[in-house]
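If you read the protein sequences in the order shown, they are chains A and B.
Residue numbering for the first sequence follows the numbering used here, starting at 1 and increasing by one per position.
Residue numbering for the second sequence follows the numbering used here, starting at 1 and increasing by one per position.
Heads up, a few of these hints could be off.
[What the hints assert, rightly or not] Straight-line C-alpha distance at most 27 Å; calculated BS3-like pairs for lysine-lysine:
1. A:93 / B:103
2. B:64 / B:9
3. A:113 / B:9
4. A:157 / A:116
5. A:89 / B:9
6. A:94 / B:9
7. B:103 / B:76
8. A:89 / A:157
9. A:46 / A:5
10. A:68 / A:94
11. A:123 / A:5
12. A:116 / A:68
13. B:9 / A:130
14. A:185 / A:89
15. B:9 / A:116
16. A:130 / A:94
17. A:116 / A:94
18. B:76 / B:86
19. A:131 / B:105
[Claimed, not checked] Which bits of chain A does chain B cover? Going by a derived footprint, with three or more residues having C-beta under 8 Å, they are:
20. 15–26
21. 210–217
[To be verified] Pair ranges (Cβ atoms, derived):
22. B:205 / A:174: 47 to 53 Å
23. A:1 / B:3: 27 to 33 Å
24. B:24 / A:204: 50 to 56 Å
25. A:170 / B:282: 55 to 61 Å
26. A:167 / B:16: 18 to 24 Å
27. A:219 / B:205: 52 to 58 Å
28. A:167 / B:180: 52 to 58 Å
Keep in mind that the hints were calculated from the coordinates and are not lab data.
Glycine residues also receive a C-beta, built at the ideal position from the N, C-alpha and C atoms.
The residues making up each chain are set out below.
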Amino acid sequence: MITIKNASKAYGKQAKVLDDINLSIDPGEFVSIVGQSGAGKTTLVKILIGEERVDSGQVIAGDWDITKISRREIPYLRRQIGVIFQDFKLLPKKTLAENVAFALEVSGGTPAKINKIVPSVMKIVGLDDKKGRYPNEVSGGEKQRAAIARALVHQPKILLADEPTGNLDAINANEIIDLLLRINKFGTTVILVTHNKEIVNYLNRRVVTMEHGRIISDQEKGKYLL
Amino acid sequence: MLSLFRIIKFSFQDIARNVWLSIATITILLLALFSINTLMTVRVISDSASKAVQEKIDISLYIKPETPEADIMALKSKIESSPRVKNIVYISKESALANFRDKYKNNQEVLAALKELGRNPLSPSLTIIPSNFSESNLLINELKMLDSQIIESRDFADNAIILNKINSITDRVNEVGLFIIAIFILTSLLVVYNTVRVAIYTHRQEIEIMRLVGASYSFIYLPYVVSAFVYTLLSIMIIIAIFYPFLTLLQPYLEVFFMGYNVNILSYFISNFWQVFGLQFLVILAINIFASLFAVRRYAKV
């Protein structure tokens, strides 16, 4: 599903933010990537969605060789990899349902497809009764669930979650993690980037630990090491 | 077709949901357009006034009083054949006297002196209107060279001085006016450009999200192009709605101020409607679209 071979990345003449990364993730896996700030976790996410490019090495996600992807192909890549962020990244002037529908609209989805998929993903994330609300009218947990719904509309094979619980309290954070586990059960590969020790230990799934741009540990059913 | 419909829908949704930003952008466009049109009005008034004064200045050839009218008409035809002559008016001795009496009808001393004289002392004349005011000096030279025994006086010294002065003033007014207009238009366009960039800056998060959810480049850029079109169209329509009543109010004051001269600002803006407002629409639209694309490009970088 995802193969990263000898990938390195540096910003200018500074030290490498990714240093000879080798990682393979199988379809349907739930992988937590952990590490302290500056470990290179977010850079790895940016590389996987084509926002950054590696200086050397190779990155393959599904059918895409991201190291060779052209600028015009990036929107198509992003429709196949769902992403959620710590700050939700919802459009404030659109309702939750419009935010979710937006991802389909901009990729040319037909009205029939939008009318079918949007209510179903809103139901999956438990927001079917709040689809007409604007982001500033709902809680942080609900915003993140709307962001997950938006990430799911293209039925992606990979879901990248970059610190999805960073802005949430413990209860909301657990709800989001449970939602990600449910999505993973449907067969979607989930990559969770976090530095939340409790969540990683609670998951008891594969844990990849990064430090100073390198992978220092990769454990099946691992624990938070740092 | 579906994409185009969505692009237009996103654009109108954005305009409506950011209504204060939309109003602010349109207001800035309106202020710029109003400034440009006001300066244009001033220039058209000064140009019309200058032309009106020029048309009032004619060149007169005085003919010997006893000359038969047939000879005068022959001379008139000869002068009329020059391409530098727009029109010639023949004023007979009798007409000159009638005009003189009319001019001094309130001055009893002058009229008494005329009566005392007992005859018509005025000469017939040919009043020549140049076809091109800036070439009046060439026409005067042509008239000076004219070989005709019936001409009594061809002293155009005063005319030449006035013509030169008016030419010089007109040229200077044109130069300074154009310079001021150019500076003003440039300033207005820069203000418009920056306003649009600031408006796009407030959408930077939206643009970032659009590209993260896989929006194609046309979906990221085109709604802003449509918004630019709508803002420009609305501004032009509003400025037309404001400016024509303003000109209608101004026109009577201009008629009083330039009494006797033909200065009609309203008819100028009506007869040049498409050139004036069509051009303004195209220029403002171009600036608007350019600023939008430039600003969006900055935030839509992969």
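For this session: Provide an ascending list of the numbers of those earlier hints which the structure does not satisfy.
Result: Violated hints: 1, 2, 10, 11, 12, 19, 20, 21, 22, 26 and 27; rest satisfied.
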